[in-house]
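Trainee: Numbering (this note's numbering), first residue to last: 10 to 221.
Keep in mind the hints are simulated off the structure, nothing from the lab. Keep in mind the model is a prediction, meaning the values are calculated, not measured. One should not assume that every hint holds.
[What the hints assert, rightly or not] List time: in silico DMTMM-like cross-link candidates among lysine to aspartate or glutamate, alpha-carbon distance up to 25 Å:
{"no.": "1", "residue 1": "K178", "residue 2": "D212"}
{"no.": "2", "residue 1": "K38", "residue 2": "D220"}
{"no.": "3", "residue 1": "K114", "residue 2": "E179"}
{"no.": "4", "residue 1": "K114", "residue 2": "D96"}
{"no.": "5", "residue 1": "K134", "residue 2": "D190"}
{"no.": "6", "residue 1": "K143", "residue 2": "E179"}
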Amino acid sequence: MCAARVLQLLQGGYIDGEHKDLRFGQGLKDLRLWLEVEAEEVKASTGSVSQSLDAELAELRSDPAERRFLTYGMVCKQVAFLRTQHDQDVPSALVSRFLAPEASKRFVSRFADRILPVDLSSQPKAESFSRLAKDVLAAHAGRQWRLLYEPFRGGWNTISREDAFEACKEILGADSQSVADPEITVVCTVQPRFVGLAVVNIDVDYLRVEDE
Numbered sequence: 010m011c012a013a014r015v016l017q018l019l020q021g022g023y024i025d026g027e028h029k030d031l032r033f034g035q036g037l038k039d040l041r042l043w044l045e046v047e048a049e050e051v052k053a054s055t056g057s058v059s060q061s062l063d064a065e066l067a068e069l070r071s072d073p074a075e076r077r078f079l080t081y082g083m084v085c086k087q088v089a090f091l092r093t094q095h096d097q098d099v100p101s102a103l104v105s106r107f108l109a110p111e112a113s114k115r116f117v118s119r120f121a122d123r124i125l126p127v128d129l130s131s132q133p134k135a136e137s138f139s140r141l142a143k144d145v146l147a148a149h150a151g152r153q154w155r156l157l158y159e160p161f162r163g164g165w166n167t168i169s170r171e172d173a174f175e176a177c178k179e180i181l182g183a184d185s186q187s188v189a190d191p192e193i194t195v196v197c198t199v200q201p202r203f204v205g206l207a208v209v210n211i212d213v214d215y216l217r218v219e220d221e
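Sequences are here, hints too, so could you generate the full structure?
Mentor: Written out as C-alpha cells, the structure reads:
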C-alpha cells in the first residue's frame, strides 16, 4: 500500500502554434499556484494573517521536496502529478471543495482538462487492489455511488473496469449504484505501476476544468 497522495492533471486541448510540453507545464503550474493561494486562505481563517505569511515565507526558503505541493511533471502521456505533502491536504477533499458547483471560487485554466484525485494507491495487482478498495471504500458502504474508471497509457491491462466495478458492488452495495443521482463518485485511476482510489462528494462532470 502506498500513502502518496496526488492530484492528477489531465492535459487540455491543443491549440495550433502552442508547444504541447510548455502548455502542459503551464497547466500544472496554474494548479499548484492556485492551490497554494486558495487552500491557504481557507487555513488562514483559523489563524492570523501574520502567521500565514510567516509560514509561506518559511516554505519558500525550504527544500522544494518539503513544500506543500510538489510537482512531478508529465508522468505518462498527457498526465502529470501534483503531490500533496501536508496531512491536511487530502486530494479528494481539495477537489470536492474547489471544483464543486457551490464553490465560491473554482479552479479554471485553459491548459487543463480534468483533475482526478488519488487518496491511496497500491500495486496494480488483484490482491493489492482488493485491500486498497476495502481501505478506501468501507466507510462509504450503503451510499449511492457512481464509478469513474480512468486507465492511463500502459495501465489498461492491469486492473480492469470490471475489477473496479466488482469491488464497488461488493463493498458499497450493488443496489446502491446510481448513475443519475449519486451521493459519491469513486475515482479509480490505473497507471502501469499503480492503481489509485479516491471518493469525492461531487459528480464526475465537476472534475472537468473550465477554461474561463
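Trainee: Each hint should be assessed against the structure and marked as holding or not.
Mentor: Hints, one by one, checked against the model:
1. Between K178 and D212, the direct Cα distance comes to roughly 18 Å. Compliance with the 25 Å bound is thereby established for this hinted pair.
2. Taking the CA atoms of K38 and D220, the gap is near 15 Å; set against the 25 Å cutoff, the hint holds.
3. Restraint check for K114 and E179: not satisfied, since their Cα atoms lie roughly 37 Å apart, outside the 25 Å limit.
4. A C-alpha spacing of about 23 Å is found between K114 and D96, which places the hinted pair at or below 25 Å, so the restraint holds.
5. For the given pair, K134 sits about 31 Å from D190 by alpha-carbon distance, which is inconsistent with the 25 Å threshold.
6. Taking the CA atoms of K143 and E179, the gap is about 9 Å. The hint holds against a cut of 25 Å.
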